[in-house]
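Asks: Build the full structure now, drawing on both the sequences and the hints.
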Amino acid sequence: MGFSGVPTTLPYTKPLTTQLGNQTVLHPFVYSPDVPSNLLGRDLLTRLGATILCSPVGLTVSLPDGTQLPCDNVGAGHSSQYLIQPVVEKAADIYWGLLHSEPQEKGGILSAYLEWKPWISQLHPYVAPPDPPHVTLFYDRQNTEWYEEQFSNDIEGTEWSIDTESIYVAPIGVAAGVTLLPAQQQWYMMGDEAAPHVSLALHPDHQAKELGSIVKTAEQQTDWQLIAPQVMYSPTAQTYKIRVSCTDQALVEHVQISRHHGREKTDHPDAANLLNSLPDTLWSAGPTDVGLVDCPPISFALVSPQPIWLPQYPHKHDAEVGIADTINGLLEKGVLIESQSSWNTPILPIEKKGTGKYRMVHDLRAINAALQTKTTPVPNPYVALTNLDPRHQWFTCIDLANAFFCLPLAEHCRDVFSFTYQGAQLTYSRLPQGFALSPGLFNQVLKDILADCDLPPDTTLVQYVDDLLLAAPTASLCLQATEQVLLRLAEKGFKA
Numbered sequence: 001m002g003f004s005g006v007p008t009t010l011p012y013t014k015p016l017t018t019q020l021g022n023q024t025v026l027h028p029f030v031y032s033p034d035v036p037s038n039l040l041g042r043d044l045l046t047r048l049g050a051t052i053l054c055s056p057v058g059l060t061v062s063l064p065d066g067t068q069l070p071c072d073n074v075g076a077g078h079s080s081q082y083l084i085q086p087v088v089e090k091a092a093d094i095y096w097g098l099l100h101s102e103p104q105e106k107g108g109i110l111s112a113y114l115e116w117k118p119w120i121s122q123l124h125p126y127v128a129p130p131d132p133p134h135v136t137l138f139y140d141r142q143n144t145e146w147y148e149e150q151f152s153n154d155i156e157g158t159e160w161s162i163d164t165e166s167i168y169v170a171p172i173g174v175a176a177g178v179t180l181l182p183a184q185q186q187w188y189m190m191g192d193e194a195a196p197h198v199s200l201a202l203h204p205d206h207q208a209k210e211l212g213s214i215v216k217t218a219e220q221q222t223d224w225q226l227i228a229p230q231v232m233y234s235p236t237a238q239t240y241k242i243r244v245s246c247t248d249q250a251l252v253e254h255v256q257i258s259r260h261h262g263r264e265k266t267d268h269p270d271a272a273n274l275l276n277s278l279p280d281t282l283w284s285a286g287p288t289d290v291g292l293v294d295c296p297p298i299s300f301a302l303v304s305p306q307p308i309w310l311p312q313y314p315h316k317h318d319a320e321v322g323i324a325d326t327i328n329g330l331l332e333k334g335v336l337i338e339s340q341s342s343w344n345t346p347i348l349p350i351e352k353k354g355t356g357k358y359r360m361v362h363d364l365r366a367i368n369a370a371l372q373t374k375t376t377p378v379p380n381p382y383v384a385l386t387n388l389d390p391r392h393q394w395f396t397c398i399d400l401a402n403a404f405f406c407l408p409l410a411e412h413c414r415d416v417f418s419f420t421y422q423g424a425q426l427t428y429s430r431l432p433q434g435f436a437l438s439p440g441l442f443n444q445v446l447k448d449i450l451a452d453c454d455l456p457p458d459t460t461l462v463q464y465v466d467d468l469l470l471a472a473p474t475a476s477l478c479l480q481a482t483e484q485v486l487l488r489l490a491e492k493g494f495k496a
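Okay, so the sequence shown: first residue is 1 according to the UniProt record's numbering, each after it adds one.
Keep in mind that the hints are not guaranteed to be accurate.
Said to hold, decoys possible - Here are the computed lysine-lysine pairs in the DSS-like style, where the Cα-Cα straight-line distance is at most 25 Å: (1) Lys316 to Lys374; (2) Lys117 to Lys209; (3) Lys333 to Lys374; (4) Lys209 to Lys333; (5) Lys209 to Lys90; (6) Lys216 to Lys117; (7) Lys14 to Lys316; (8) Lys352 to Lys333; (9) Lys447 to Lys492; (10) Lys117 to Lys90; (11) Lys352 to Lys316; (12) Lys357 to Lys316.
Since the hints were made in silico from the structure, they are not lab data.
Replies: Below, the structure is given as structure tokens:
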């Protein structure tokens, strides 16, 4: 991303001798003749141990040796003061029909829902949605001026009559399908993935935005089976349909809500179908379900071949039993193998706070201190994220499961990681956790594997060790990129 906010490709200089105060360092610089002033980037400021101070006369960069570099424009007769303030959260525009309270004679959606609520509550644990009952017409994050103007001129503040014939009950929530008249339907702009509805209840792990696709899917089903008076069930959609006849009055409004109101925190409606189409071998079935990557075995060198033997220190019986499932699971998957070695370093079961369960930690500090092979640096995530630009509106996050255990370890390096559990010696056939080289080696292997992954245009892949972020300007491009990356990961033997 360029200094002006426009994506720009700029060259790096070779490392140059740089002196600030009493400090002299070698540092490469981004060269941009269009920038009127020399800029100190975060990487150099951090390396110099600089702090930035705010004062009535502006910003001052202070170095550990006492050197102060004023950043204000005093020479031009200006002074300024800066105030650190919270970032103002962006808002989204929502256009909806807000349902009125029902008259005493009832007959509306909420009355119908409350009548069936005792039965519905037995199916799944539901909570109330965050907003008052309404029909969403348009959720706008792009400040669509033409819609706002026409909405304001033509229908804002008017009263609509809303008809409902079905309440749909799905695992993720409960919603009433709404029938809009042709004159009303023209204002509905929620996309093909949703249908007009009123959210009535939500599963705690889901959000209201997801109910639109549930109603859309339910209305397309043809396998409804009558299971009780007024109640039908679709095995395909795994959804119940309650037949009702309701009419409500709604006030047509335009309001602003937080951008984090919920819509941005949900998966795209096509995401589930995409994930279901991928090979089952990609998905980890548990904490010890480990992949095996098709790559050369990992090798490294130590400063001395002299074995290191550190005895296993004692630990509580509950702790030893607490890691038994992990040990046995890794033995079953071939990650751990039997060993008879002159090397030994201790393991330590660590309790997961408040759960009574334990995770296994291997104390490899002695091995790390004896390394001759230099560690491979991992990328700075803050620098990596500068590859994103304002066009990127859709994102996929991928977290690989048991990442280091996916990489094979060269046989001549395995004895080094031997440890003792219940009197028996074991070691790893895969790259272990807690080893100083593991993050950098894994990062490089994964980077090489994904290097020739043919991503769609204008999409960006950001990698930080075993965490991947895909960014794209449109939902379709993001889904395409996600499919390509996940297929590549499955092909190479990773699990997610």
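Asks: Decide, hint by hint, whether the structure agrees.
Replies: Now the hints, each set against the structure:
Annotation: proposed proximity of Lys316 to Lys374 is violated, straight-line Cα distance about 37 Å (limit 25 Å). Under the criterion of a C-alpha separation no larger than 25 Å, the hint pairing Lys117 with Lys209 is consistent with the structure, at around 21 Å. Between Lys333 and Lys374, the direct Cα distance comes to roughly 30 Å. Violation of the 25 Å bound is thereby established for this hinted pair. Our distance criterion of 25 Å between C-alpha atoms is broken by Lys209 and Lys333, whose separation comes to about 40 Å.
As the CA atoms of Lys209 and Lys90 are separated by approximately 18 Å, the hinted pair is consistent with the 25 Å bound. Distance check on the hinted pair: Lys216 and Lys117 sit about 22 Å apart at the alpha-carbon level, within 25 Å; holds. For the proposed pair Lys14 and Lys316, the alpha carbon gap of about 56 Å is over 25 Å, so the pair is violated. A distance of roughly 23 Å separates the Cα atoms of Lys352 and Lys333; the hinted pair therefore holds under the 25 Å criterion.
Pair hint Lys447 plus Lys492 holds up; C-alpha atoms about 12 Å apart against a cutoff of 25 Å. For the given pair, Lys117 sits about 36 Å from Lys90 by alpha-carbon distance, which is inconsistent with the 25 Å threshold. Distance check on the hinted pair: Lys352 and Lys316 sit about 15 Å apart at the alpha-carbon level, within 25 Å; holds. For the hint pairing Lys357 with Lys316, the CA-to-CA distance comes to about 13 Å; that is within 25 Å, so the pair holds.
In the structure shown, a violation is registered for the earlier hints numbered 1, 3, 4, 7, 10, in ascending order.
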